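Build the full structure now, drawing on both the sequences and the hints.
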Amino acid sequence: MAHVGLIVNPSAGRDIRRLTGGASVVDNYAKRRVAECVLDGLSLAGEFPSVAVMPDKTGIASHAIAEAPTKMDIEPVEMPIKESAADTRRAAAHFRESADVVVVLGGDGTSRDAALELGDVPLVSVSTGTNNVVPTPVDGTVAGAAAAAVANDAVDGDAVTYRHGRIDVRADDVTGEKRLSGLATVGIIDRSFVGTRAVIDPSELLGGVVSRAHPAAIGLTSVAGCIEPLAPNAPGGAALRLGDPDETDRSVRAVLAPGMTTTVGIEAHEPLDWDEPATFAVTDGVVGADGERELELTDAIVSITPTADGPRLVDVDTALEAAAAAGSLVSSETPIGDR
Amino acid sequence: MEDYTLDTEDGRLEALRRMLTIREFDTKAGEYFADGEIPGFVHLYIGEEAVGVGTCAALEPDDYITSTHRGHGHCIAKGLDTKLMMAELFGKRSGYCNGKGGSMHIADVDAGMLGANGIVGAGPPLATGAALSIDYQDRDQVALAFLGDGAVAQGQVHEAVNMASTWDLPAIFLVENNKYGEATPVEKQHNVKQLSDTAQAYDIPGVTVDGMDVTAVTEAVEEARKRARAGDGPTMIEAETYRYNGHYEGDEQNYRDEEEVAQWKERDAIESFKERLLDRGELTEAEFGELQAEVEDEIADAVEYAQNSDLPEPEEAYEDMFSESVPEVEQFASRLRTDGGSSRGDSQ
Chain G
1 MAHVGLIVNP SAGRDIRRLT GGASVVDNYA KRRVAECVLD GLSLAGEFPS VAVMPDKTGI
61 ASHAIAEAPT KMDIEPVEMP IKESAADTRR AAAHFRESAD VVVVLGGDGT SRDAALELGD
121 VPLVSVSTGT NNVVPTPVDG TVAGAAAAAV ANDAVDGDAV TYRHGRIDVR ADDVTGEKRL
181 SGLATVGIID RSFVGTRAVI DPSELLGGVV SRAHPAAIGL TSVAGCIEPL APNAPGGAAL
241 RLGDPDETDR SVRAVLAPGM TTTVGIEAHE PLDWDEPATF AVTDGVVGAD GERELELTDA
301 IVSITPTADG PRLVDVDTAL EAAAAAGSLV SSETPIGDR
Chain D
1 MEDYTLDTED GRLEALRRML TIREFDTKAG EYFADGEIPG FVHLYIGEEA VGVGTCAALE
61 PDDYITSTHR GHGHCIAKGL DTKLMMAELF GKRSGYCNGK GGSMHIADVD AGMLGANGIV
121 GAGPPLATGA ALSIDYQDRD QVALAFLGDG AVAQGQVHEA VNMASTWDLP AIFLVENNKY
181 GEATPVEKQH NVKQLSDTAQ AYDIPGVTVD GMDVTAVTEA VEEARKRARA GDGPTMIEAE
241 TYRYNGHYEG DEQNYRDEEE VAQWKERDAI ESFKERLLDR GELTEAEFGE LQAEVEDEIA
301 DAVEYAQNSD LPEPEEAYED MFSESVPEVE QFASRLRTDG GSSRGDSQ
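Keeping their order, the protein sequence lines are chains G and D.
Under our numbering, the first residue of the first sequence is numbered 1, with each subsequent residue one higher.
Under our numbering, the first residue of the second sequence is numbered 1, with each subsequent residue one higher.
Since the hints were made in silico from the structure, they are not lab data.
Some hints here could point you the wrong way.
Unchecked claim - Residues of chain D clear of chain G, computed beta-carbon distances all greater than 12 angstroms:
(1) V109
(2) A111
(3) N254
Stated by the list, open to error - Output of the computed footprint for chain D on chain G, the stretches with three or more beta carbons under 8 angstroms from beta carbons of chain D:
(4) 18-29
(5) 193-204
(6) 252-262
Claimed, not checked - DSS-like cross-link-like pairs, simulated, lysine-lysine; straight-line CA separation at most 25 angstroms:
(7) D:K274 <-> G:K178
(8) G:K57 <-> D:K188
(9) D:K274 <-> D:K193
(10) D:K28 <-> D:K188
(11) G:K57 <-> D:K265
(12) D:K193 <-> G:K57
(13) D:K179 <-> D:K193
Here the structure is a predicted model, which means the values were calculated and not measured.
From the three backbone atoms N, C-alpha and C, an ideal C-beta is built for every residue, glycine too.
Pasting the structure below:
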């Protein structure tokens, strides 16, 4: 029997951008319902897979399990709950050994935490966070259906997944070497502390590296995308150095956060190959990954490198198109979900 | 009140000093309560220092705060005098309320501290009222209510937040989610698990921040203050934090295990802020030692001041209650003076 892992981050979607930008609130009730939809969707393509859910203290996992389709073999992952990103990482590490596909509900931060532990296990990333570059804004039921198609081998896994890039950071500052990884973006922010973690003032963004770029994205990927789009599975990345738009030769209007359109001055845009680092000097700032400030640095040299070994993401549309083309969605028998 | 903000090196050192002062004050308060020198109850703020200090660092000196039963930290963060605070805890006439309020009723209106409060959830209505006065008089201030996770379920908190949001008042509701309402875990008090979600019911922003990181708390309050001053109304901020001690001193704490307490102490707000200032080269271990010694001296002085102060006389029991004379109170007071207060009104 195929096995599906489900991770719902109870903390995603509550950061400061509800106050500073136009980000909407996704409360736990909504997350619970999306999780229930994912489980329902798993009945769409082939046999019910068995499911394991990351536990949490907010009741999302226990409600999802209680409301799951009656014939579904579903249980929580046995693990301690730390109520932090460590939970997502621990659950993902467990799924790396046990799951055929993993569905993650959260934002870019949650997707990154899961992706860095998942290895080659295909990931369906569903948006419930704030700055969503990596996750797909898709209905949970449809995401569950795509996950089932992949888990049950109803489609060719290689054909419906793509390898996302990853960005590795090495910073040497007065206290020694620090490391960090991101999926879509690594940014350098002109603020001393991690504080509320989100980037709340666009003028503080000094630059960084993206592994993908599109003008329809949000954040640094939007800035890079206004200059030269880069597909998520395209090789390499791009380094950006930003400045005061009154002083740089060119500038772009980009979406830096929901409800926060800004003119950004471009000092430099440099395409990067896989494993080609871009170097930045930071005297007093923070390096952030995928929309969250992470590393406080003083007098640091920061080396940021796009690499090829990111997660294997399921393209939901492609997966379901392939399932339909293979006839997996048509049956002469009573559908399993209605039995 | 001396102004301080985390935007400057001096301000960061002042914030660290205040966090240390809170911890030392409450450590001593716990000790003298255990010894029986401090009467009544004390509820200690140890572990939650980053919330009070991060909040007050983002406020202006003349902004108002309202506090809770666990209010010593708010007072120190807002700049109140530790001598007068300690004397109040000891029930001495030299205290903030002439020794008649004790730990749960310290107030200093001149410093913008509108009062600790023994009633859970009674602070927010005061803050909404203060915010209304600011709005009415068109002053450049905000009113911030500290409240606990337990208070979020109180009816008057709903009334206060609803009125503040309906009238776009310059208020901030700072929920200190220390994970327990007395002995009850937060998840057994509320169906809503992330308390900032309740802000949606009032159509105001609700954000959750790491209450063990002073930089996170201050940033959120700065943004909420800007919003309030722009006339956009109140904000709810939930700071996730933890009290290291029991609900009150003497609490057996059989509702939580040592491992959980140890897990939170690993994220100690003072330790992490100190480490970051060391990393930034803004503090040395030697300077930290001096700072700690200064704080210990200050609190030792406060204890000495309290111990050497006089208790109020029984005859003063009805004084300091109302700003203007109230006949009924005068009547009680005169009876107390003539017969020690033993006669009842029906004998007249």
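Tell me whether the statement that chain D covers the segment 252-262 of chain G is true, taking a Cβ distance below 8 angstroms and needing three residues at minimum. violated (count 0)
With d taken as the least Cβ-Cβ distance between V109 (chain D) and chain G, does d exceed 12 angstroms? Given that every Cβ of chain G is farther than 12 angstroms from that of V109 (chain D), nearest at about 29 angstroms, it holds.
Three or more residues of the segment 193-204 of chain G near chain D by CB distance under 8 angstroms? holds (count 6)
Non-interface claim for N254 (chain D), where every Cβ of chain G lies beyond 12 angstroms: Holds: least Cβ distance 20 angstroms, greater than 12 angstroms.
Holds or violated: K274 (chain D) with K178 (chain G), Cα cutoff 25 angstroms? holds, 19 angstroms
Hint consistency between K57 (chain G) and K188 (chain D) [alpha-carbon to alpha-carbon, up to 25 angstroms]: Holds, because 11 angstroms separates the two Cα atoms, which is no more than 25 angstroms.
Holds or violated: K57 (chain G) to K265 (chain D), with C-alpha atoms at most 25 angstroms apart: This hinted pair holds, its Cα atoms lying about 20 angstroms apart.
When you look at the beta carbon of A111 (chain D), is every beta carbon of chain G farther off than 12 angstroms? holds, 26 angstroms
Could you grab the alpha-carbon distance between K193 (chain D) and K57 (chain G) and see if it respects the 25 angstroms cut-off? Holds. K193 (chain D) to K57 (chain G) sits at ~8 angstroms (cutoff 25 angstroms).
Given the hint that K179 (chain D) pairs with K193 (chain D), test it: the Cα-Cα distance must not exceed 25 angstroms. The hint holds at about 10 angstroms.
Keeping to a limit of 25 angstroms between CA atoms, is the pair of K274 (chain D) and K193 (chain D) held or broken? violated, 31 angstroms
At a Cβ distance under 8 angstroms, does chain D reach at least three residues of the segment 18-29 of chain G? holds (count 6)
Checked against the numbered hints given earlier, this structure breaks hints 6, 9 and 10; the rest are met.
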